[in-house]
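S.K.: Heads up: the sequence shown begins at 1 in full-length UniProt numbering, then just goes up one per residue.
There may be inaccurate statements among the hints.
Said to hold, decoys possible - Pairs of lysine-lysine residues, derived as DSS-like cross-links and limited to a Cα-Cα distance of at most 27 angstroms, are as follows:
1) Lys-911 / Lys-848
2) Lys-296 / Lys-359
3) Lys-359 / Lys-402
4) Lys-882 / Lys-848
5) Lys-664 / Lys-618
6) Lys-664 / Lys-754
7) Lys-229 / Lys-181
8) Lys-242 / Lys-152
9) Lys-181 / Lys-336
10) Lys-223 / Lys-242
11) Lys-152 / Lys-296
12) Lys-432 / Lys-229
13) Lys-181 / Lys-223
14) Lys-398 / Lys-235
15) Lys-664 / Lys-911
16) Lys-223 / Lys-588
17) Lys-338 / Lys-235
18) Lys-320 / Lys-296
19) Lys-347 / Lys-229
20) Lys-588 / Lys-152
21) Lys-152 / Lys-618
22) Lys-622 / Lys-911
23) Lys-181 / Lys-152
24) Lys-882 / Lys-136
25) Lys-320 / Lys-235
26) Lys-320 / Lys-229
27) Lys-664 / Lys-622
28) Lys-837 / Lys-848
29) Lys-882 / Lys-846
30) Lys-591 / Lys-152
31) Lys-591 / Lys-618
32) Lys-402 / Lys-181
33) Lys-136 / Lys-181
Please keep in mind that the hints were generated in silico from the structure rather than gathered at the bench.
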Amino acid sequence: MKLAHSHARAVGGRGPLLMSLSIATSRGIISSSASIRRFSLASQFGPSLSSAASASWCGSCSPVPGLLPFKRELAVVGVSAFRLSPPSSSPFRLGFIRKAISGSFCRIRVVGSMGDLVEKSNTADGAGKTEADGAKEAELLQSFYAVPSIDKAWTSPSRTGKSGVDVVVAMSQFNLHGNAKRTFMSTVYIPDANASAEDYHWSPFPFELSGALLIVPSPSGSKLLIVRKADPAAKEATSPMKLEIWGPGQLLSELFVPPSLHGPVYADGWFEGVSWSHDEENIAYVAEEPCPPLPKYGHSLFSSGQSSRSEAELDAGTWKGQGDWTEDWGECYTGKRKPMLFVANIKSGGVQRVEGIPKDISVGQVVWAPPPPVGDETQQLVYVGWTSYATNFNTARKLGMKYCYNRPCALYAVEAPSEARNGEQSPTPPVKLTGEISSAYIPRFSPDGKQLVFLSAKAAVDTGAHCATNSLYALEWPANGVVTASLNMREVVPVMMNPDTSGFPGLYVSSVIANPWLSDGSTLLFTSSWRSMQVILGVNIKSGTVTRITPQESIASWSLLGVQDGIVLAGTSLTSISISPTSPPALKLGKNLAASTNTEKALKKEWSWSDINVPSLKYPPKVETSITSTTFEILEIPIDEPELTVSESAGTRPSIEAIFVSRKKAQSKEQPQSGVKLDVPPLIVVLHGGPHSASQTTYSRVLAFLSSLGFNLLHVNYRGSVGFGEEPLQSLLGNVGRQDVGDVLIAVEHVISKGLAERGRIGVIGGSHGGFLTSHLLGQAADMFVTGVLRNPVCNITSMIGVSDIPDWCYVETFGKEGLSAYSDVPSEADLSIFYKASPIAHLSKVKVPSLFLIGAQDRRVPPSNGLQYIQALRSRGLEVKVIVFPEDTHALDRPQSEFESFLNVGIWFKRFLLST
Numbered sequence: 001m002k003l004a005h006s007h008a009r010a011v012g013g014r015g016p017l018l019m020s021l022s023i024a025t026s027r028g029i030i031s032s033s034a035s036i037r038r039f040s041l042a043s044q045f046g047p048s049l050s051s052a053a054s055a056s057w058c059g060s061c062s063p064v065p066g067l068l069p070f071k072r073e074l075a076v077v078g079v080s081a082f083r084l085s086p087p088s089s090s091p092f093r094l095g096f097i098r099k100a101i102s103g104s105f106c107r108i109r110v111v112g113s114m115g116d117l118v119e120k121s122n123t124a125d126g127a128g129k130t131e132a133d134g135a136k137e138a139e140l141l142q143s144f145y146a147v148p149s150i151d152k153a154w155t156s157p158s159r160t161g162k163s164g165v166d167v168v169v170a171m172s173q174f175n176l177h178g179n180a181k182r183t184f185m186s187t188v189y190i191p192d193a194n195a196s197a198e199d200y201h202w203s204p205f206p207f208e209l210s211g212a213l214l215i216v217p218s219p220s221g222s223k224l225l226i227v228r229k230a231d232p233a234a235k236e237a238t239s240p241m242k243l244e245i246w247g248p249g250q251l252l253s254e255l256f257v258p259p260s261l262h263g264p265v266y267a268d269g270w271f272e273g274v275s276w277s278h279d280e281e282n283i284a285y286v287a288e289e290p291c292p293p294l295p296k297y298g299h300s301l302f303s304s305g306q307s308s309r310s311e312a313e314l315d316a317g318t319w320k321g322q323g324d325w326t327e328d329w330g331e332c333y334t335g336k337r338k339p340m341l342f343v344a345n346i347k348s349g350g351v352q353r354v355e356g357i358p359k360d361i362s363v364g365q366v367v368w369a370p371p372p373p374v375g376d377e378t379q380q381l382v383y384v385g386w387t388s389y390a391t392n393f394n395t396a397r398k399l400g401m402k403y404c405y406n407r408p409c410a411l412y413a414v415e416a417p418s419e420a421r422n423g424e425q426s427p428t429p430p431v432k433l434t435g436e437i438s439s440a441y442i443p444r445f446s447p448d449g450k451q452l453v454f455l456s457a458k459a460a461v462d463t464g465a466h467c468a469t470n471s472l473y474a475l476e477w478p479a480n481g482v483v484t485a486s487l488n489m490r491e492v493v494p495v496m497m498n499p500d501t502s503g504f505p506g507l508y509v510s511s512v513i514a515n516p517w518l519s520d521g522s523t524l525l526f527t528s529s530w531r532s533m534q535v536i537l538g539v540n541i542k543s544g545t546v547t548r549i550t551p552q553e554s555i556a557s558w559s560l561l562g563v564q565d566g567i568v569l570a571g572t573s574l575t576s577i578s579i580s581p582t583s584p585p586a587l588k589l590g591k592n593l594a595a596s597t598n599t600e601k602a603l604k605k606e607w608s609w610s611d612i613n614v615p616s617l618k619y620p621p622k623v624e625t626s627i628t629s630t631t632f633e634i635l636e637i638p639i640d641e642p643e644l645t646v647s648e649s650a651g652t653r654p655s656i657e658a659i660f661v662s663r664k665k666a667q668s669k670e671q672p673q674s675g676v677k678l679d680v681p682p683l684i685v686v687l688h689g690g691p692h693s694a695s696q697t698t699y700s701r702v703l704a705f706l707s708s709l710g711f712n713l714l715h716v717n718y719r720g721s722v723g724f725g726e727e728p729l730q731s732l733l734g735n736v737g738r739q740d741v742g743d744v745l746i747a748v749e750h751v752i753s754k755g756l757a758e759r760g761r762i763g764v765i766g767g768s769h770g771g772f773l774t775s776h777l778l779g780q781a782a783d784m785f786v787t788g789v790l791r792n793p794v795c796n797i798t799s800m801i802g803v804s805d806i807p808d809w810c811y812v813e814t815f816g817k818e819g820l821s822a823y824s825d826v827p828s829e830a831d832l833s834i835f836y837k838a839s840p841i842a843h844l845s846k847v848k849v850p851s852l853f854l855i856g857a858q859d860r861r862v863p864p865s866n867g868l869q870y871i872q873a874l875r876s877r878g879l880e881v882k883v884i885v886f887p888e889d890t891h892a893l894d895r896p897q898s899e900f901e902s903f904l905n906v907g908i909w910f911k912r913f914l915l916s917t
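With the hints as extra help, turn the sequences into a complete structure.
M.R.: Structure, rendered in structure tokens:
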């Protein structure tokens with residue numbers, strides 16, 4: 001027997017210096033990090049360790065079967081890890097024993113020769129014993145991550161020269177090892193309107209777009225812009241940007257933009273804007289302003305007069321300082337500089353900054369205006385502009401932008417730079433187009449160039465809610481190209497206040513495709529929330545008529561990807577995806593077969609939808625099994641306490657909706673007889689954040705993973721969620737921690753009464769405001785839930801307001817509409833008291849169940865200190881709390897490895913507390 005040793009710190013760097021022992025025996029190699037403790041190993045493979053041995057090994061552990069194939073007795077020090085490397089004939093390759101820092105929990109993990117891992121957990125008191133098969137869950141979760149998602153698709157006339165259409169599909173797939181996403185593209189040719197799926201022709205293989213930040217096709221589909229960093233290994237702020245222009249089969253041109261001209265191109269989905277000119281010779285886009293030179297300190301080895309010296313020699317002995325702090329737009333914009341507007345000329349390769357825009361304006365979402373009249377070479381750009389300081393709150397600071405539609409903004413027109421006129425005249429100031437309207441964004445010109453339509457979130461700006469019901473406006477664009485601030489403007493679709501449950505609930509639009517028009521030139525298509533679903537809507541901008549395009553009977557969610565005329569003689573083809581909680585995205589082709597030339601009438605006819613089977617969307621067997629054995633339904637749940645909703649118009653009785661995802665055998669049942677034990681899986685209540693967002697019948701790989709573990713899921717859309725009308729949404733302002741908590745409990749009681757859930761087997765999970773709700777529920781309804789999982793939760797508004805990038809959220813959600821006028825960067829003692837009473841920490845003394853916290857250390861929306869304060873308070877009361885902190889993650893916790901580790905732990909945690917009860 002040979003022995004070697006080395007030294008290492010305990011897990012996490014805590015504890016004393018440990019000695020690692022490697023003992024070679026005739027039966028294998030034992031490695032141990034230990035402080036001296038005597039233990040003995042069982043003599044046979046398969047039987048359990050002797051109770052004396054296991055007690056000597058770890059006093060909290062009961063005998064564990066089937067661990068070691070030999071018997072040895074060693075004198076070591078406090079075993080915290082154990083490794084066995086047996087001869088190749090042994091079916092086991094590796095074994096670990098880990099002891100938790102608390103000393104009350106020990107885990108034994110064995111990895112088999114094929115990678116199968118078995119992990120068993122034992123508590124010191126023997127209560128709540130579970131078998132947590134960590135490798136089994138990890139393998140299952142990886143199966144869900146292996147399914148690619150459809151990110152984007154667009155259509156264009158076929159390049160074959162025949163009738164039909166080409167559909168280009170951009171997809172992505174998680175690269176867990178690289179902690180990134182792979183983006184790849186493929187093309188399918190659809191010959192004609194009557195073709196079946198068997199007639200569709202896919203390219204043999206997709207191709208990967210490594211490092212692509214943006215992929216934007218030209219209006220004709222004959223060119224493709226791909227934006228990348230010129231040096232993938234360089235830091236983003238210092239790397240030149242590369243604009244690649246591709247044509248059919250070749251690279252047409254390549255433009256390199258140095259960091260001295262601008263920084264990274266915005267690809268954030270909000271400021272982001274890339275627009276091809278009508279002749280496809282110029283591209284307007286949004287990028288960061290260049291970094292100013294940093295101050296230098298120290299003394300050069302050479303005098304300033306020695307100009308012949310190299311830059312490296314002149315910099316010897318100096319270092320760069322930090323320079324002045326520049327305020328950014330908060331969460332997800334840390335270190336990003338102000339967005340500015342640029343135009344690239346494809347032929348010359350020149351890139352010019354758009355001049356004349358005030359320094360106080362951040363720009364985004366740029367589009368080219370219609371071509372000027374013959375003889376006029378002046379081209380116009382239309383963009384969205386945000387002032388640095390929100391005018392609806394009394395503050396001198398920038399408030400966070402991500403997901404915040406309550407930031408005032410307007411549309412502006414500005415003259416595009418031209419190389420022919422470069423430097424000939426001073427820049428013309430932009431023209432504000434949208435007058436006194438407090439919000440205007442996502443501009444789109446009609447095909448004939450006569451109308452400029454845009455969305456408005458004035459309901460959010462005027463009330464302070466971070467998201468609210470949209471309205472739609474149209475501007476008459478001048479035929480002579482002379483743009484003024486007094487263009488005729490009208491409201492096309494108003495805010496819906498209190499719609500009927502079966503009627504149009506209002507517009508809730510977050511994005512619009514580049515070409516969203518039907519062939520009549522007046523019908524605009526987009527994706528919008530419709531209660532607990534996403535649907536495709538058509539809006540006639542002349543009449544204001546809103547039509548639901550997607551099937552009325554479908555409760556799945558749909559998303560518009562592209563529009564292309566010519567597939568059928570009297571209609572328009574739509575490319576979309578259909579998704580549901582029980583199936584990954586499916587690519588669809590829609591055709592309106594109505595013979596009428598009146599598009600408004602034709603829209604009301606039934607559309608024909610067919611599947612475009614994507615060859616790469618092959619589901620692993622375990623995912624396929626989960627899909628086929630799961631179902632979902634939307635539950636409408638009446639609210640019996642409507643007094644908190646102040647209605648300004650006649651409406652229906654208040655109600656909420658919940659999406660119930662279950663194994664098929666657990667579909668709705670009648671009220672069970674008293675005393676009959678419910679034979680249903682445990683329930684996880686899933687709570688969305690915002691609070692002004694919504695749970696929808698869309699697909700989530702991580703929630704599908706939880707469902708596949710044997711849980712039913714209840715997604716609750718409490719009042720305040722988007723998609724249900726403005727009055728229900730506004731009713732939550734000033735009532736957080738009360739009305740939303742009550743709505744969730746009503747939903748839980750509803751499914752219990754229907755036999756869909758059983759008391760004592762219910763857990764809850766939520767992030768952000770969903771975490772706020774989760775912590776409230778664990779305190780206010782301590783006997784309802786067995787455990788809770790909280791992702792970057794709001795736990796104490798009092799401490800959040802001074803460090804969050806959205807302190808306005810604290811005021812508006814706590815005070816209601818009065819928060820607009822009550823807002824202060826220096827809250828009063830009275831304000832802080834109100835914040836505390838609305839916070840979950842006010843109910844902490846009533847919490848009595850274990851909880852799992854997932855925290856992003858770079859979160860600026862709900863900084864980690866907020867959750868950590870609550871965590872320490874729970875621990876001080878002796879409650880079990882598991883905490884995972886992700887050092888590089890922001891509020892969303894969406895980096896691939898972080899999301900994977902988060903939900904792997906979520907699944908194991910819920911199995912421990914819900915499946916063992």
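S.K.: Taking the hints in turn, state whether each one holds.
M.R.: Hints, verified against the model:
no.	hint	verdict
1	Lys-911 / Lys-848	holds, 19 angstroms
2	Lys-296 / Lys-359	holds, 26 angstroms
3	Lys-359 / Lys-402	holds, 21 angstroms
4	Lys-882 / Lys-848	holds, 14 angstroms
5	Lys-664 / Lys-618	holds, 23 angstroms
6	Lys-664 / Lys-754	holds, 15 angstroms
7	Lys-229 / Lys-181	holds, 16 angstroms
8	Lys-242 / Lys-152	holds, 21 angstroms
9	Lys-181 / Lys-336	holds, 21 angstroms
10	Lys-223 / Lys-242	holds, 16 angstroms
11	Lys-152 / Lys-296	violated, 45 angstroms
12	Lys-432 / Lys-229	violated, 34 angstroms
13	Lys-181 / Lys-223	holds, 24 angstroms
14	Lys-398 / Lys-235	holds, 26 angstroms
15	Lys-664 / Lys-911	holds, 20 angstroms
16	Lys-223 / Lys-588	holds, 24 angstroms
17	Lys-338 / Lys-235	holds, 18 angstroms
18	Lys-320 / Lys-296	holds, 5 angstroms
19	Lys-347 / Lys-229	holds, 21 angstroms
20	Lys-588 / Lys-152	holds, 13 angstroms
21	Lys-152 / Lys-618	holds, 18 angstroms
22	Lys-622 / Lys-911	holds, 18 angstroms
23	Lys-181 / Lys-152	holds, 14 angstroms
24	Lys-882 / Lys-136	holds, 21 angstroms
25	Lys-320 / Lys-235	holds, 16 angstroms
26	Lys-320 / Lys-229	holds, 24 angstroms
27	Lys-664 / Lys-622	holds, 16 angstroms
28	Lys-837 / Lys-848	holds, 20 angstroms
29	Lys-882 / Lys-846	holds, 19 angstroms
30	Lys-591 / Lys-152	holds, 19 angstroms
31	Lys-591 / Lys-618	holds, 26 angstroms
32	Lys-402 / Lys-181	holds, 21 angstroms
33	Lys-136 / Lys-181	holds, 24 angstroms
Violated hints, listed in ascending order, are 11, 12; each of the other numbered hints is respected by the structure.
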